[in-house]
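Going line by line, the protein sequences match chains A and B. Going by the working numbering, the first sequence opens with residue 1, and the numbers climb by one from there. Going by the working numbering, the second sequence opens with residue 1001, and the numbers climb by one from there.
Hints in this document: simulated from the structure, not taken from any laboratory. It is possible that some hints are incorrect.
To be verified - With a straight-line Cα cutoff of 20 Å, these simulated DMTMM-like cross-link-like pairs (lysine to aspartate or glutamate) come out:
#, chain 1, residue 1, chain 2, residue 2
1, B, Lys1198, A, Asp167
2, B, Lys1148, B, Asp1134
3, A, Lys169, A, Glu155
4, B, Lys1014, B, Glu1155
5, B, Lys1055, B, Glu1067
6, B, Lys1198, A, Glu80
7, A, Lys169, B, Asp1171
8, B, Lys1028, B, Asp1206
9, A, Lys169, A, Glu80
10, A, Lys126, A, Glu155
11, A, Lys198, B, Asp1206
12, B, Lys1198, A, Glu27
13, B, Lys1169, A, Glu76
14, A, Lys198, B, Asp1167
15, B, Lys1169, B, Asp1022
16, B, Lys1169, A, Asp134
17, A, Lys148, A, Asp167
18, A, Lys198, A, Asp171
19, A, Lys28, A, Asp142
20, B, Lys1169, A, Glu80
21, A, Lys169, A, Glu76
22, B, Lys1126, B, Asp1082
23, B, Lys1126, B, Glu1168
24, B, Lys1169, B, Glu1182
25, A, Lys198, B, Asp1134
26, A, Lys169, B, Asp1167
27, B, Lys1014, B, Glu1067
28, A, Lys198, B, Asp1142
29, A, Lys126, A, Asp167
30, A, Lys55, A, Glu11
31, A, Lys169, B, Glu1168
32, B, Lys1198, B, Glu1182
33, A, Lys198, A, Glu170
34, B, Lys1126, B, Glu1155
35, B, Lys1198, A, Asp22
36, B, Lys1169, A, Glu27
37, A, Lys66, A, Glu11
38, A, Lys169, B, Glu1170
39, B, Lys1014, B, Asp1142
Number of protein chains: 2
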Amino acid sequence: MVIAVIPFRPENPKTRLSCVLDQAEREKFALMMLRDVVEKTTLAGCSTILLSTEKYHVDGASTVVKELGLNEALNEFLSETDEPILIIMSDIPLVTLENIESILSVESDCAIVPGRGGGTNTIFIKEPSRFRVDFYGASFLDHMNIAKEAGLSVEVIDTFRMSTDIDEKEDLVEILLHGNGESRRYLESLGFTISVNKGRVGVHRDSHEEAL
Amino acid sequence: MVIAVIPFRPENPKTRLSCVLDQAEREKFALMMLRDVVEKTTLAGCSTILLSTEKYHVDGASTVVKELGLNEALNEFLSETDEPILIIMSDIPLVTLENIESILSVESDCAIVPGRGGGTNTIFIKEPSRFRVDFYGASFLDHMNIAKEAGLSVEVIDTFRMSTDIDEKEDLVEILLHGNGESRRYLESLGFTISVNKGRVGVHRDSHEEAL
């Protein structure tokens, strides 16, 4: 069985969204994105594990707490299991079931989904003990090199939906345009709409009064 | 036979790259991106037409000059042909042959590739007389609505490579990371390299002295 591992930090997440969401909203929004991801990994038949920095519960996943940095926690986890592992970020709510299924069906030893700007949004590793992660910076290139040095074949998965991680205000427009899950509904409940200004597409939030 | 139509403005293109490329370099860079796209449409067996605002030549394509705005030129072109048309932007140099082939094989009446931020990077229309384009602004939503109103079924194609249009300095990193064509080689010849600063991945250009 494939284990889907989703790293998650419940407290004060997504600080680059502070310009449009306060801390409580960011914490709830991060949970909604997480739920959109967990729904898909569960539907795809993965055993889903939340790798959290503190105790936390989300339906559909078991929680493992490791009070470690992202790389340390994931590498410790990789060393502790022999099952194929799908490491998937919690902030890619546009992911679909078809996306996950196509990753799990690759013939190569690993699959990597690059994020925009050189990041890595998902890694699938059939033999986790042969791999280690190195997130932050140009992690896509780092992960390609780590796989190469380990003699592992890699398929790079070409998907807009999974390459779209939500970090900044500008990213919210992608959820309003292409999302259909809980993160979109939550943004809409807060009064977010698509706005077009001088040809540029962005998001606008109606008066905070109701939402706050 | 499918006609691939590539709108192109040869003079002073990509002004948002002026911070790192002068006008002559932007014109050459736009040509390199165009060549990367034309190579793929040609390999896919399309008859490739450059829809240009002025006389221009690129190997592999015929040029049609229309001194009109983007929408007017494309809609006039759509009304003038009965062949299936693939409208594809010239600034998506990461496009692969597999991308094009998968679009041309859709069963629906149209296929749309969204760009990041609500744009449209490619439209495939089997019966062009039933469609009209409306670029600028949130064109992805506009094109979905135009298809719906015309009773045309649409498949939205999920591809990072084709959703990545190159407009700003930050976009250049995607070419250096994921490109393997002429645009990448041209950027490298100008001294562009990937840089990582405080965990953010960007591009750096070595001294202009040699390049200018």
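How the hints compare with the structure:
Taken as a hint, the Lys1198/B and Asp167/A pair is honoured in the structure, with Cα atoms around 16 Å apart against an allowance of 20 Å. Restraint check for Lys1148/B and Asp1134/B: the C-alpha separation of about 14 Å stays at or below 20 Å, so the hint holds. Simply put, Lys169/A and Glu155/A have alpha-carbon atoms about 31 Å apart, too far for the 20 Å limit, and the pair is violated. The straight-line distance between the Cα atoms of Lys1014/B and Glu1155/B is roughly 29 Å, outside the 20 Å bound, and the hint therefore fails.
Between Lys1055/B and Glu1067/B the CA atoms are separated by roughly 10 Å; this keeps the pair inside 20 Å, and the hint holds. For the hint pairing Lys1198/B with Glu80/A, the CA-to-CA distance comes to about 31 Å; that exceeds 20 Å, so the pair is violated. A distance of roughly 18 Å separates the Cα atoms of Lys169/A and Asp1171/B; the hinted pair therefore holds under the 20 Å criterion. Restraint check for Lys1028/B and Asp1206/B: the C-alpha separation of about 18 Å stays at or below 20 Å, so the hint holds.
This hinted pair does not check out: Lys169/A and Glu80/A have alpha carbons roughly 37 Å apart, beyond 20 Å. At most 20 Å may separate the alpha-carbon atoms for a hinted pair to count; Lys126/A and Glu155/A meet this at roughly 12 Å. With a CA separation close to 34 Å, the supplied pair Lys198/A and Asp1206/B exceeds the 20 Å bound. Restraint check for Lys1198/B and Glu27/A: the C-alpha separation of about 25 Å exceeds 20 Å, so the hint is violated.
The suggested pairing of Lys1169/B with Glu76/A is violated, with an alpha-carbon distance near 37 Å, which exceeds 20 Å. In summary, the hint linking Lys198/A to Asp1167/B is supported, as the alpha carbons are separated by about 16 Å, within the 20 Å threshold. This hinted pair checks out: Lys1169/B and Asp1022/B have alpha carbons roughly 13 Å apart, not beyond 20 Å. In summary, the hint linking Lys1169/B to Asp134/A is not supported, as the alpha carbons are separated by about 26 Å, beyond the 20 Å threshold.
At most 20 Å may separate the alpha-carbon atoms for a hinted pair to count; Lys148/A and Asp167/A exceed this at roughly 29 Å. As the CA atoms of Lys198/A and Asp171/A are separated by approximately 18 Å, the hinted pair is consistent with the 20 Å bound. As the CA atoms of Lys28/A and Asp142/A are separated by approximately 32 Å, the hinted pair breaks the 20 Å bound. With a C-alpha separation of about 42 Å, the suggested pairing of Lys1169/B with Glu80/A is violated against the 20 Å cut-off.
Between Lys169/A and Glu76/A the CA atoms are separated by roughly 33 Å; this puts the pair beyond 20 Å, and the hint is violated. Only pairs whose Cα atoms come within 20 Å are accepted, and Lys1126/B paired with Asp1082/B is accepted, the gap being roughly 9 Å. At most 20 Å may separate the alpha-carbon atoms for a hinted pair to count; Lys1126/B and Glu1168/B exceed this at roughly 32 Å. With a C-alpha separation of about 18 Å, the suggested pairing of Lys1169/B with Glu1182/B holds against the 20 Å cut-off.
For the hint pairing Lys198/A with Asp1134/B, the CA-to-CA distance comes to about 15 Å; that is within 20 Å, so the pair holds. Pair hint Lys169/A plus Asp1167/B holds up; C-alpha atoms about 19 Å apart against a cutoff of 20 Å. Pair hint Lys1014/B plus Glu1067/B holds up; C-alpha atoms about 19 Å apart against a cutoff of 20 Å. Of the supplied pair hints, the one linking Lys198/A and Asp1142/B holds, its CA atoms being roughly 16 Å apart against a limit of 20 Å.
About 29 Å separates the Cα atoms of Lys126/A and Asp167/A, which puts this hinted pair outside 20 Å; it is violated. At most 20 Å may separate the alpha-carbon atoms for a hinted pair to count; Lys55/A and Glu11/A meet this at roughly 11 Å. The straight-line distance between the Cα atoms of Lys169/A and Glu1168/B is roughly 18 Å, inside the 20 Å bound, and the hint therefore holds. Proximity of Lys1198/B to Glu1182/B is assessed by CA-CA distance (about 30 Å); at most 20 Å being required, the pair is judged violated.
At most 20 Å may separate the alpha-carbon atoms for a hinted pair to count; Lys198/A and Glu170/A meet this at roughly 15 Å. Between the alpha carbons of Lys1126/B and Glu1155/B the distance comes to roughly 12 Å, so the proposed pair stays at or under 20 Å and holds. For the hint linking Lys1198/B to Asp22/A, the alpha-carbon distance of about 25 Å lies beyond 20 Å, and the restraint is violated. Straight-line distance between C-alpha atoms of Lys1169/B and Glu27/A comes to about 32 Å, which puts the hinted pair past the 20 Å bound.
A hinted pair counts as satisfied when its Cα atoms are at most 20 Å apart, and Lys66/A with Glu11/A qualifies at roughly 14 Å. In summary, the hint linking Lys169/A to Glu1170/B is supported, as the alpha carbons are separated by about 16 Å, within the 20 Å threshold. As the CA atoms of Lys1014/B and Asp1142/B are separated by approximately 24 Å, the hinted pair breaks the 20 Å bound.
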